[in-house]
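Enquirer: The chain contents come next:
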Amino acid sequence: MSSTTQPIARGSHFNRILVIAGHAFTQLVRMKVFYFLAVFAVIAIASNFFDLPQHEGPESIGMNVLRSIKSWSLGTMTLFSVVLSIVATALLLPKDVEDRTLYTILAKPVPRIDYLAGKLLGVLILVFVSLAMMDVLMTVVLQIRSSMILTQQVAMAQSQGWPQDAIESLRAETAQHGPNWALQGAVFAVFLRASIMASLALLISTFSTSTLFTTIISFLIYFIGHFQADARDAYLQAGQAGEGVFARMAALVFSLVLPDFQNFNVIDAVIEGQAMPLMVLVKLSLIGLYYAVFFTIASWFVFAEKEF
Amino acid sequence: MKAWQRNGILLAALLAFGATRLPLEKSLGDELRKGGLAPPPLEIGTRDKIGQTSSAVALGGLRTLVATFLNLRAFSFFQEQRWDDVSDTFEMIVDLAPRTRYYWETGSWHSAYNAASYYINNSNMPSLRRKEAWRAAIYRGRAFLERGIRNNPSDWSLLSTLGFMLTDANKFPAFRDPDATFTAAADAYQKAVDTGNAPAFVNRAQFYALARAKGREKEALALARALYADPKNRLPTLRALLLVLEAHENPALDTAKLAVELFETPERALEALSGHWQRTRERFPVDGVAGALGALEKMLAVPPEKSILNKPLQLPNGPDQWFSK
Amino acid sequence: MAEPTPAVEIKGLVKDFKTSFRRQMLRAVDDVSIRIMPGEVYGLIGPNGSGKSTTMKALLGLVAPTSGNCAIFGKDSLKVDSRNDVGFLPENPYFYKHLSGAETLRFYGKLCGLKGKRLDDRVSELLALVDLENARDRRLGGYSKGMLQRIGLAQAMIQEPRLVILDEPTAGVDPVGSRQIRDLILKLRERGITVFLCSHLLEQVQEVCDHVGIIFRGKMVKEGRLDDLIAIEDQTEIIIKDASPELISQITALVGNSATASLVRTGKPRTTLERLFLRETTQGKDS
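Residue numbers (our numbering), protein chains in the order written: chain P, 1 to 308; chain Z, 1 to 325; chain C, 1 to 287.
There's no promise every hint is true.
[As the list claims (entries may be wrong)] Below, simulated DSSO-like cross-link-like pairs (lysine-lysine); rule was C-alpha separation at most 27 Å, straight line: (1) C:K18 <-> P:K306; (2) P:K306 <-> Z:K2; (3) C:K11 <-> C:K75; (4) Z:K2 <-> C:K75; (5) Z:K2 <-> C:K11.
Since the hints were derived computationally from the structure, they do not count as laboratory data.
Next up, chain P with everything else stripped away, as it sits in the complex:
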């Protein structure tokens, strides 16, 4: 053999996944998806001034504003993260096939699992970065506002001659609605849910023929996933309800196949001022990871056999 080229050590799976992820990330960034952050900034700041018609006693001055900032912010985060993870994932794969860029990648020594995992990771990095930016903005707004409210409340309480313990109780209650760790946990839960959706959209897009189909099916599953737990309960408690065998089996298949997002309602509890124990977040993360890994492997299973 006349070749004088010295052999190139093939990179590890991890490196290739990172390269593809980094590339998918830049690709999405250059598609100007970060513009929505400006929209979020407007919403986060505007929710501050939504002097919604409220009826409240002087002792709860401004509590509703805090709740409103949180529910607007987390609501917007949920929307953006879910839309972004579904649409971006549904878009990237068919785009590569259509533009034949996929050929050039798969013609390199790149295993198909690396390609899939890389694309997914790229989308997840994007979602994570945007959520982190939104989180920072929300926390800042909330911090400023809640300290303003605290000052107001304390001034009010002192002018009315409240005893110290009453002031302390009020202060503690307001703090619960300000920025705290539970809220960060809730934002992370939003990210987890978006990751599940992204990996699910990846699976769907491996056998779907169009971006539109992937997007619609993913959104359907997303919404269904929120009352999927009812199907599970219907199955588990079918004895009492007296449903037929067929209905029970249908409920079982339904709850086995579709993802369950009911547990993510913990986000709403946090908006309402509840604390989220760390263990809950850990368990939620493990479940989210389990989903993402399974869906990615299933996607690879389909994608490995695919012809272009």
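Knowing the structure of chain P, use the given hints to seat chains Z and C on it.
Expert: The following block gives chains Z and C in isolation, referenced to the frame of chain P:
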């Protein structure tokens, strides 16, 4: 591999995956519900009531945001005085955000205060119907608040709001048995105190409710003595009621002497007890007050024509008057 | 000395596709065998839809053969390993428009495990090779068709493969660009890199390839060394510069005297339109 084989394997894997995660999710869900972090599952009724679009969003994890919007809608119903719509809207809101005290308090307040007052003043209806509507609105407000308490048993504020409503002179006449009402108020305040988060005034409010329940005088006296021990609690109403309950316990008591002891000077005692004597609408007991007032006036040489005992009491102002015409 | 491993070894390749609506199977490639030895430039020619691209995709593992097998330097095409030593330029490639030329090469280089200074050097080297140093930092969105094809070629070369597969490398490229690509292919041949290209532009194949195969309706109909295939065995061509009319008549007479030979045609050789076009458009620029 044939396409059907591949799809079969995929489906089997999906089912197996579901079977392994189902118990995990179920246990986490139970844990969350136990810790009050997950709302009870949406009632089917709520799903029907909320419009198609917002239900999709509500189910999509944006319950609190939808609740915020519905709260706005409730406010416009309130401005238009469409009380049934206000109530229905709040029913939906609390299904979406059952842990938010504000919604429970506001919903019950709209019914028991705003709607009830509306029926007092609305002259378009015959008086009998107005009275029933007034009563129904207050009942509804109370029931709503009690549901809120069942959903948030550790919230002192909801409990104390209930106690406040049941001891409100404009509200308790709606309930047929005043003693049961005051007892219920006292119980609510007691539970609020038991949460450990309630400020001190709740404890006094509990006492004010208990003092008005006939047959609970002994308990009330014990509580009054305990509260009085802390100088911060020595408000005029508490001192006056302590005197009343001591007189109830021991009718032979020299109430004027005790009054001077409690209020430190005869002048202050006279002023405070006169106020107490005049507060007829709240139905505070007045055992021994008349005797104490007479003795104090004599002590301070108040001429009989200026005696508080000879002044007319407040005219009765309650449902009998509101719905007489 | 043992015979070296063939760069490309396709044996009895058959590929059926399902047509969308009917159950009927469409046979895109029917029992094609190709063997390309290291250093050869092989051109697969045939009309559109004759199975050229499918053959290449099977070789790259992008489609799985219905029967038969493909190997690159002895490694089965269905294994990822086989792609260590191959670079591919698909037909009408669209690379990521949001990347610049250099970024594109870096991306593909990193995918192949290149990094650090070696990657930087390789990127610069290839940009110089395909004459795109000036467009190094311009986004591919602003590249012309010919530039895209050249960056595509550079991309295919990034990990220094011993085999380069080019699918219609000059489709849609203007003659100047086409010529540049042809020159590049010749450069690759000089470096001892095996080239496997397919095209329906016969003239181009004739210029660069030393082996050709003709594929028609999925079947290989003719294959061999180009010179062998196109030589007209019973004719000889003499091209003379500055020949006087006397010389021509002497030669003509000489041929007339021969017992076996006969004169077919005399005249001036025509330059091709391509050559004329190139001469006119690149005057004073290239040479």
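Enquirer: Does each hint fit the structure? Answer for all of them.
Expert: Outcome of the hint check:
Of the pairs offered as hints, the one joining K18 (chain C) and K306 (chain P) holds, with about 13 Å between alpha carbons and a cut-off of 27 Å not exceeded. Simply put, K306 (chain P) and K2 (chain Z) have alpha-carbon atoms about 12 Å apart, close enough for the 27 Å limit, and the pair holds. Distance restraint check for K11 (chain C) and K75 (chain C): the Cα-Cα separation of roughly 13 Å lies within the 27 Å cut-off, and the hinted pair is therefore satisfied. Between K2 (chain Z) and K75 (chain C), the direct Cα distance comes to roughly 25 Å. Compliance with the 27 Å bound is thereby established for this hinted pair.
A distance of roughly 23 Å separates the Cα atoms of K2 (chain Z) and K11 (chain C); the hinted pair therefore holds under the 27 Å criterion.
In this structure, none of the earlier numbered hints is contradicted; all agree with it.
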